[in-house]
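Work out the full structure: start from the sequences and follow the hints.
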Amino acid sequence: DVKVTQSSRYLVKRTGEKVFLECVQDMDHENMFWYRQDPGLGLRLIYFSYDVKMKEKGDIPEGYSVSREKKERFSLILESASTNQTSMYLCASSGGGPGQQTNTGELFFGEGSRLTVL
Amino acid sequence: DQQVKQNSPSLSVQEGRISILNCDYTNSMFDYFLWYKKYPAEGPTFLISISSIKDKNEDGRFTVFLNKSAKHLSLHIVPSQPGDSAVYFCAASAKGVNNDMRFGAGTRLTVKP
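In order, the protein sequence lines correspond to chains A and B.
Each number in my numbering corresponds to the 1-based position in the first sequence with 69 added.
Each number in my numbering corresponds to the 1-based position in the second sequence with 51 added.
Rather than coming from a laboratory, the hints here were simulated on the basis of the structure.
No residue lacks a Cβ here, since even glycine has one placed at the ideal position from N, Cα and C.
Check each hint, because a few of them may be wrong.
Calculated from the model, a selection of chain B residues having no Cβ within reach of chain A, i.e. all distances over 10 Å [said to hold, decoys possible]:
no.: 1; residue: S59
no.: 2; residue: S63
no.: 3; residue: P95
no.: 4; residue: K107
no.: 5; residue: D110
no.: 6; residue: T114
no.: 7; residue: K119
no.: 8; residue: S125
no.: 9; residue: P130
no.: 10; residue: T161
no.: 11; residue: P164
Here are the simulated BS3-like pairs of lysine-lysine, each with C-alpha atoms no more than 30 Å apart in a straight line [stated by the list, open to error]:
no.: 12; chain 1: A; residue 1: K72; chain 2: B; residue 2: K88
no.: 13; chain 1: A; residue 1: K72; chain 2: B; residue 2: K56
no.: 14; chain 1: B; residue 1: K122; chain 2: A; residue 2: K126
Okay, structure coming up:
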């Protein structure tokens, strides 16, 4: 059974704290993504990675960084959390690069991490 | 600026009737479109997709229609069931170009018994 696992379902942090959100996938997927979900805004892409040590900015990268040291793990880092980063964070993975057979286009999501910054 | 738009935040239908969820996109590079379903406290799950070389794809009760000239797609659910009540997200990607995917704001479907 394929799985994307996010380390924490619920976190409460204080303004200025450093926050790590971890994501692990067991499908040997090349691509991994971080989104945030906010009411009325849907899922917005923060960063994605198509290979180990590679990263690309999404639509809203400000205030975030990412790390992909191993193929199966993609971490989202909030260097100094702010209240406007209170949100649901969703990690996803997909297989293959453009034009590759394993690129089905489908994303597999984790259950999400709800972060509250006070 | 959102490249994928779902203009109806909510939709309510009676059990057994048809549900039609709509989605518009602006980026002409998009060539692959998907619908995801999300229940509360769970991650989105893939429902159905369509490539830009097609104008219709059907899977059981779910059918997705694509109108490329209008940059519009829709998801039809017939007959609707109470278990279909969820938030539905439209998504699009330029599959042949890169790997990132853009989502709409979602439509909350409620199917009443």
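A quick look at each hint next to the structure:
1. Every beta carbon of chain A lies more than 10 Å from that of S59 of chain B, the smallest distance being close to 12 Å; the non-interface claim holds.
2. Once the 10 Å rule is applied to beta carbons, S63 of chain B is consistent with being away from chain A; the minimum gap is 18 Å.
3. The claim that P95 of chain B is not at the interface with chain A is violated, since a C-beta of that chain comes within 10 Å of its own (minimum 5 Å).
4. Non-interface status of K107 of chain B relative to chain A is upheld: no Cβ of that chain comes within 10 Å, the nearest being about 17 Å off.
5. With a least CB separation of 13 Å from chain A, D110 of chain B remains clear of the 10 Å interface cut-off, as annotated.
6. T114 of chain B, annotated as away from the interface, keeps every beta carbon of chain A farther than 10 Å; the closest lies near 18 Å.
7. Look at K119 of chain B: its CB is around 17 Å from the nearest CB on chain A, clear of 10 Å, so calling it non-interface holds up.
8. No Cβ of chain A comes within 10 Å of the Cβ of S125 of chain B; the nearest lies about 17 Å off, and the non-interface call holds.
9. Distance check on P130 of chain B: its Cβ is at least 25 Å (rounded) from any Cβ of chain A, clearing the 10 Å threshold; non-interface status holds.
10. Every C-beta of chain A lies more than 10 Å from that of T161 of chain B, the closest at about 16 Å, which supports listing it as non-interface.
11. A cut-off of 10 Å between C-beta atoms confirms that P164 of chain B is not in contact with chain A; the least separation is 26 Å.
12. The straight-line distance between the Cα atoms of K72 of chain A and K88 of chain B is roughly 17 Å, inside the 30 Å bound, and the hint therefore holds.
13. A C-alpha spacing of about 29 Å is found between K72 of chain A and K56 of chain B, which places the hinted pair at or below 30 Å, so the restraint holds.
14. Taking the CA atoms of K122 of chain B and K126 of chain A, the gap is near 25 Å; set against the 30 Å cutoff, the hint holds.
Checked against the numbered hints above, the structure violates only hint 3.
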